[in-house]
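J.: One-letter residues, chain by chain:
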Amino acid sequence: MFLDLTISVLTQGLLYALLAYGIFITYKILDFPDLTVDGSFPLGAAVTAVLLNRGVNCYATIPIAMAAGALAGLITGLIHVRFRIRDLLAGIITMTALFSVNLQIAGSNLAVPREIDTVFTSSLTEKLTGGAPLAVKKLIVAVIIAVIAKIVIDLYFRTKSGLLLRATGSNGTFVTTLAKDKGSMKILGLVIADTLVALSGCLVCQEQRAFAATMGTGQMVFGLAAVIIGTTLFKKLSFIKGTTCALVGSVIYKACIQLAINLGLPTNLLKLVTAVLFLVILVVGNVRKGAHENA
Amino acid sequence: MLELKDIKKIYNPGLITEMCLFDGFSLTVPDGEFLSIVGSNGSGKTSLLNIICGSIPIQRGSVTVNGEDITGKKEYKRYRNFGRVYQDPAMGTCKDLTLLENMSLADNKNRHCGLGGAVNKKRADFYKEQLATIGLGLEDKLHVRVGSLSGGQRQAAALIMATMNPIDFLILDEHTAALDPKTADIIMEITDRRVKEMGLTTVMVTHNLRYACEYGSRLIMMDKGQIVMDKAGAEKQNTDTKDILAMFNAISIECGN
Ligand SMILES: Nc1ncnc2c1ncn2[C@@H]1O[C@H](COP(=O)(O)OP(=O)(O)OP(=O)(O)O)[C@@H](O)[C@H]1O
Ligand SMILES: [Mg+2]
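Protein sequence lines correspond, in order, to chains A and B.
Just so you know, we're using the working numbering here: the first sequence kicks off at 1 and counts up by one.
Just so you know, we're using the working numbering here: the second sequence kicks off at 1 and counts up by one.
None of these hints come from the bench; they were simulated from the model.
Watch out, some of these pointers could steer you wrong.
[What the hints assert, rightly or not] As a list, the in silico DSS-like pairs of lysine-lysine whose alpha-carbon atoms are at most 25 Å apart:
#1 K242(B) to K235(A)
#2 K28(A) to K95(B)
#3 K241(A) to K141(B)
#4 K95(B) to K235(A)
#5 K109(B) to K236(A)
[What the hints assert, rightly or not] Some residues of chain B that are not near chain A, with every Cβ distance over 12 Å (derived):
#6 K5
#7 C53
#8 K77
#9 N102
#10 G114
#11 L115
#12 N120
#13 G137
#14 D140
#15 G152
#16 L245
Backbone N, C-alpha and C fix where the C-beta goes; we use that ideal spot for every residue, glycine too.
Required output: the full structure, derived from the provided sequences and hints.
T.: Have a look at this one:
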């Protein structure tokens, strides 16, 4: 029982870590609070649910969902950069629009029937994992994807483009004097981030075999919390990468929520607990910072 | 050659805080000239540099470099041919990256930033060599986060980075103002050396009258968006800080304070 729960929490944490990577890029690197997430996460799920139901191969849904997420990020980026709309508002506009778009894509809440293969039940996964139980299969697939994504992101930040993206978030004026368009860099960062978020949505949909119109609510706050938990935890260890922080933060967060549910918390109160937890994390982070500055 | 013609600049147009700073302002800076600009606070020096670099929009007039009208050209594109150092050392470098990463970025200024490796280890010796010319020991700090360098060190790095690529124009906005007198002297020396080595056309704003007199080939004083003094050549060589100070005072008295 306890083992089952641990495996499930780990799987959740890893699948949602992809979303947290996205938030890490927008929030930590670009200093851009990207609310698109609440729309691009269910967008990835909606696209996936529809495609799976239409008989599209489960692996083929991944790039398509990611492309949809990229488009969402692109739209927020263009609204912010070309129309000079404030970052938060740009994200809210896209997120709001996506709520309808997602329902338009999926019709309504949409289930993926048992007989349809997902990346967790495909024959490839079967071969890879032998006769392992479904929960273990899910965990293995989640580990593989979360680790590959982490490595790719880490490698990207060592490229010229990745370094320029880091500089854009830190000092836009500097990037301009280097004859580079900081607006395009912001758009690029949003595209990358929302691609990851939609990937997360795609995999979560395949894991739970369902798209729900409301599944995006609070995802940005979750991602922020994961990133902040992770970075606060590893603050003293500067060699730990931001992506690792996001991954660990995501797992811890999911574990906390699971714990709360096990302690008998009604699911209706989940978002309330999420908000309070997030507040606590922020306050603790501030207190620590204050202590540091006074020291 | 840098030419500003008939510039009109209004801040907050249409609002109650509307302020017309420049109206019919013109200035020509020939190739190879080192122009120093002095003037009281709020006289429009920074605004002038911002207009040259395209950081702020203007209502009328044109900016021309080397015969090309760049009035409508985006700010970031102008920097392909411009180097700029700001008063605030935090502006010209990226504090969250190491000095090596900063130098690498500057090294890629006019190249495409794709998926190639960001830091080319082979170039590290070249960066060290460049940094060693300053004599502040920065060549041993390549792996230090720039945010933990002192203001003077950061400003020196910013200057090196701004002049690392082949450019024609160097724009300096009180780039020694935040530094202690000794470091300021060092930075000013390096500036002068770089300008001469690279044959840069330079526009330097400064509140340091001694620098304005000692360095550069032309000196202008600004007041309320207008040029009130313009000395070049032998006339500039014979100007000393007392003359400039006298002019400053004359303007203030006209204003009645
Ligand atoms: N963004 C802005 N909005 C409104 N007014 C501005 C703005 N920037 C500058 N001004 C006004 O334009 C005038 C000139 O400002 P500017 O910064 O160019 O002066 P300066 O000569 O650089 O002064 P200092 O020596 O203090 O740096 C000032 O009166 C200032 O109030
Ligand atoms: Mg100024």
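J.: According to the definition I'm using, a residue is off the interface if its beta carbon is farther than 12 Å from all beta carbons of the partner; does L245(B) meet that for chain A?
T.: For L245(B), whose nearest Cβ neighbour in chain A is about 33 Å away, the distance exceeds 12 Å, so it holds.
J.: Can we confirm that no CB of chain A comes within 12 Å of the CB of N102(B)?
T.: 8 Å, violated
J.: Would the least Cβ to Cβ distance between G137(B) and chain A come out above 12 Å?
T.: G137(B) clear of chain A: closest Cβ-Cβ about 23 Å, beyond 12 Å.
J.: Would you check whether the claim that C53(B) is not at the interface survives, using Cβ distances to chain A and the 12 Å cut-off?
T.: 9 Å, violated
J.: Would D140(B) pass as off the interface with chain A, using Cβ distances and a cut of 12 Å?
T.: 20 Å, holds
J.: Once the closest CB in chain A is found, is it more than 12 Å from N120(B)?
T.: The assertion about N120(B) is violated, with a minimum of 10 Å to chain A.
J.: Just want to verify: K77(B) was marked as not at the interface with chain A; is every Cβ pair farther apart than 12 Å?
T.: 7 Å, violated
J.: Could you grab the alpha-carbon distance between K109(B) and K236(A) and see if it respects the 25 Å cut-off?
T.: 33 Å, violated
J.: With a cut-off of 25 Å on the C-alpha distance, tell me whether K95(B) and K235(A) pass.
T.: 17 Å, holds
J.: Given the hinted pair K242(B) and K235(A), is their alpha-carbon gap at most 25 Å?
T.: 55 Å, violated
J.: Would G152(B) pass as off the interface with chain A, using Cβ distances and a cut of 12 Å?
T.: 18 Å, holds
J.: Between K241(A) and K141(B), is the straight-line Cα distance small enough, at 25 Å or below?
T.: Holds, at roughly 22 Å.
Hints 1, 5, 7, 8, 9, 10, 11, 12 from the earlier list are contradicted by this structure; the remaining hints agree with it.
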